[in-house]
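Assemble the complex: chain A is given as a structure, and chains B and C must be docked to it using the hints.
Protein sequences appear in the order of chains A, B and C. Just so we're aligned: the first sequence equals residues -13 to 252 in the numbering used here. Just so we're aligned: the second sequence equals residues 10 to 298 in the numbering used here. Just so we're aligned: the third sequence equals residues 280 to 640 in the numbering used here.
Since the hints were made in silico from the structure, they are not lab data. Note that CB positions come from ideal geometry on N, CA and C, so glycine has one too. Mixed in with the good hints there might be a few duds.
[Claimed, not checked] Okay, the calculated beta carbon distance ranges per label pair:
(1) Lys414(C) to Ala244(A): 19 to 27 Å
(2) Asp44(A) to Gly73(B): 28 to 36 Å
(3) Thr191(B) to Leu611(C): 53 to 61 Å
(4) Ser347(C) to Leu239(A): 51 to 59 Å
(5) Thr191(B) to Leu239(A): 27 to 35 Å
(6) Ala161(B) to Phe235(A): 29 to 37 Å
(7) Ala30(B) to Glu632(C): 58 to 66 Å
(8) Gln392(C) to Thr191(B): 47 to 55 Å
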Amino acid sequence: MLLDYDRLGALRWLLGGISLAVALFLLLPILLIVALSFGSSQWLQFPPPGWTLRWYRDLFADPGWLDAVLASLKVASIVTVLSVLLGLLAAFGLVRGRFRGREVLRALFLTPMVLPVVVLAVALYALFLRLHLNGTLAGFVIAHLVIALPFALLSIGNALERFDKAIEDAAVLCGASPWEARLRVTLPGIRLGLFAAAIFSFLASWDEVVLAIFMASPDLQTLPVRVWGALRQDLSPVIAAASALLVAFTAALMLLAALFRRSKEP
Amino acid sequence: MVMARSDTTIPIPTRTRRPMAGFGLVLPGLGLLLLFFVLPVLALLLRSVLEPQPGLGNYAEFFGSTTYLKVFLNTFTVAGLVTAVTLALGFPVAWFLAIAPRRWSALLFGIVVLSMWTNLLARTYAWMVLLQRTGLINRTLINLGIISEPLALTNNLVGVTIGMTYIMLPFMILPLHAAIRTIDPAIFQAAALCGASRGQSLRRVFLPLVAPGMAAGALMVFVMSLGYFVTPSLLGGTSNMMLAELIAQLVQSLLNWGLAGAAALVLLVVTLALYAVQIRWFGFGRTAG
Amino acid sequence: MTPPFLSIRGIRKAYGDAVAVEAVSLDIARGEFVTFLGPSGSGKSTTLYVIAGLLQPSAGDVLLDGRSLLAVPSHRRNIGMVFQRYTLFPHLTVAENVAFPLRVRRRPEAEVQAKVKAMLELVRLEPYRDRLPAKLSGGQQQRVALARALAYDPPVLLMDEPLSALDKTLREEIQVEIRRIHRETGVTILYVTHDQEEALRLSDRIALFNHGRIEQIGSGRDLYDASQTRFAAGFIGNSNFLPGRIAASGAGRAIIVCPDGSRIEGVPLQGLEGGGGEAMLMVRPERMRLERPAPGRAGLPGVVVDRTFLGDTMHYTVRTPWNQELAVRSPLAEAGDADFGFGDAVTVAWDAEQTRLFPGG
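Excised from the complex, chain A in its bound form:
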């Protein structure tokens, strides 16, 4: 009865009420920011006295912000490609390989995802000071790659495990060499996992704050770093505009992923 929606009775209202409250709690702040980004009050009055696109104009006119967006895109794109590639190779090795210590390695590969990022950020900061990689594109990419790779590995590894190897063997018997079989049959077979790996890797880099703070320099900042710096100073609505864009971006990506998954369902 407790898991039967129709037989819950009064409990239904309690659960529903709390869920509604939590849903509003989760949703309203996001909507508020989007609304405020169009509001004309500099002090973020709500309801805003008027509506304007001024903050967006300021955002796009400021070369600092634009550079930050471009930097974020650049880093995230490179990280995505490398993460999926390395993740694909490692997934094949971990799923199909036969060597000792496979389980240990698998756990090791997932560790960057579970340990506090600040520790990694500070450690890499120290290392890059020595290597003069701070404030460089390479430094950014390496740092983000370390935390994006576990996501790629999980997605691709799961897809590869679910893919019946017998299909690949059948391709070999049809006359394809082992690598040709992997390319023409297995890769298309796991393309959902590859796609998921790409999206997760991209978002991991795009949204990443802590590593970016330590990797950044006045000349090279990703968007989150810029927002972080601005937040330490004041709460200008320009940040609201930037945040609203970030929200829109995420929502678009999620929609894309959902549509893609819907179309591939048998």
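Same frame as chain A, but now just chains B and C:
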């Protein structure tokens, strides 16, 4: 879709049956991890016992000084508080999500997932705006006549807790929801037939079954909260600094690598210990949303 | 004397101490349909995988048209194979699946299209050419797999229990299809199954596997009427095994004494040594008949403990004096003839020539 499952496995072409088959493929990723994760972190931890002098001086300082100890305790306090609140709020939502009709549950699920994936800074900024002295919450409360002076809701424990709860709720709701879905509703019909009342069913059947999921979710939120940097830094004040921000400050402002390494080690040890507990009790299953 | 088309010579496959296949040798003529029959773990699939190149044998050789296949890697052996599991490429349509081996061989597009059409017509799935495998039933998927395996005109087609995952009626339908395709294409087929009925339906010859070795090779008739080992007799069809002792022998015939003292005379010795040895008699249920006991009547005394009407036959279970239960299958009695009921005392009789004799114990 029709799938055939059989006990006969089709053997791997013997060409690839070398003792270390496949290891080469793992090497690039492994190299990256070793060079840019394992080694740098180990180097940092090493500095904690080497700088400024070899020895455990940094640890003595860390645990001896009231300031640092306060940070340490505060971190645990916040993490515990956040875990408790998210559990209290998240459990009913997860329960509802597991049984509600498709329309409502899909909508709720979408909101939770959207919240989880929305940029962290955007979400924290939202609460900075809401909680500031001239922010919406204070303004509304004053207009309603509930208070006459604005409440200090940011740069303190309240702000941090609200903000962190906001961030962590999806991480509690989604795994809990998955755990509840694995319970067969027929069990409660059986319990009722055995004569159990609602309350007894709840206490003796539902809660024990869902306890592992709750513990797993709580552990995950607690561990994440311990090491969190962004939200506590923005919504907390200097008086309730958490470990992550301490480490960052030690490095950026004070250039005290030894102490930073010590604080990092403490954070790592606690994190790993809690994960070990989770694995011991609940196995490797990751109930990721 | 022309060398046999496909020659399997002394194949042995061992995994450390465990021997999966031992001394398996077999010559197969072009266009033959040979079944590897046997229980699970008897080595029949292992042998098939060795021929396919998916396993390397520990010893022995496989020759096709006189040339050894062992040095040739799997993807160059040009052998067709259909597995028990569905192995169609999920991201390609039916037509593209069948075209795959031809594209891999870089055949010109016109040839590919023509061949795909011909193959799909052969398995009668032309209307489905643009479907994805997920939209096909199990039987349809296996037919496409068959078309794909035959697309490049392989000299040999291997099939590893391809129908075991399907239900009975579907299985029988596709068995008929396979026989038809075999007739139309003339391809040499090696078929693995544990279902003796399937083996009898499909093959020209059957190789009976047991514990990694071939116990007997022959047509279905050979294996049924002239089983060479106890295992073979027991695996194919139904059988009654009676323990006995060879009391006397002469001129290739023996007198067997059963545990209750009944004597069976005129049993062909079939190569066993006469004189006092333990033996096992095997008689098929349909060769036995029940008669009303009468003095001087030859046969085994028994009591009917069960009977089942099976439509075209009557199946009796008869208990012998030494408490063994025999299965007797009789054609339905003509109207008016005596029928036997529960508890009736009977004499079980059969033509002694129809007895197979195996070493006892």
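Hint-by-hint comparison with the structure:
1. About 23 Å separates the C-beta atoms of Lys414(C) and Ala244(A), a value consistent with the hinted range of 19 to 27 Å.
2. For Asp44(A) and Gly73(B), the hinted distance range of 28 to 36 Å is not satisfied, since their beta carbons lie about 49 Å from each other.
3. At about 57 Å, the CB distance of Thr191(B) to Leu611(C) agrees with the hint of 53 to 61 Å.
4. As the Cβ distance of Ser347(C) to Leu239(A) is approximately 57 Å, the hint placing it in 51 to 59 Å holds.
5. At about 29 Å, the CB distance of Thr191(B) to Leu239(A) agrees with the hint of 27 to 35 Å.
6. Separated by about 34 Å at the C-beta atoms, Ala161(B) and Phe235(A) satisfy the suggested range of 29 to 37 Å.
7. Look at Ala30(B) against Glu632(C): about 60 Å separates their beta carbons, and that is inside 58 to 66 Å.
8. The beta-carbon spacing between Gln392(C) and Thr191(B), approximately 50 Å, falls within the hinted interval of 47 to 55 Å.
In this structure, the one hint that does not hold is number 2.
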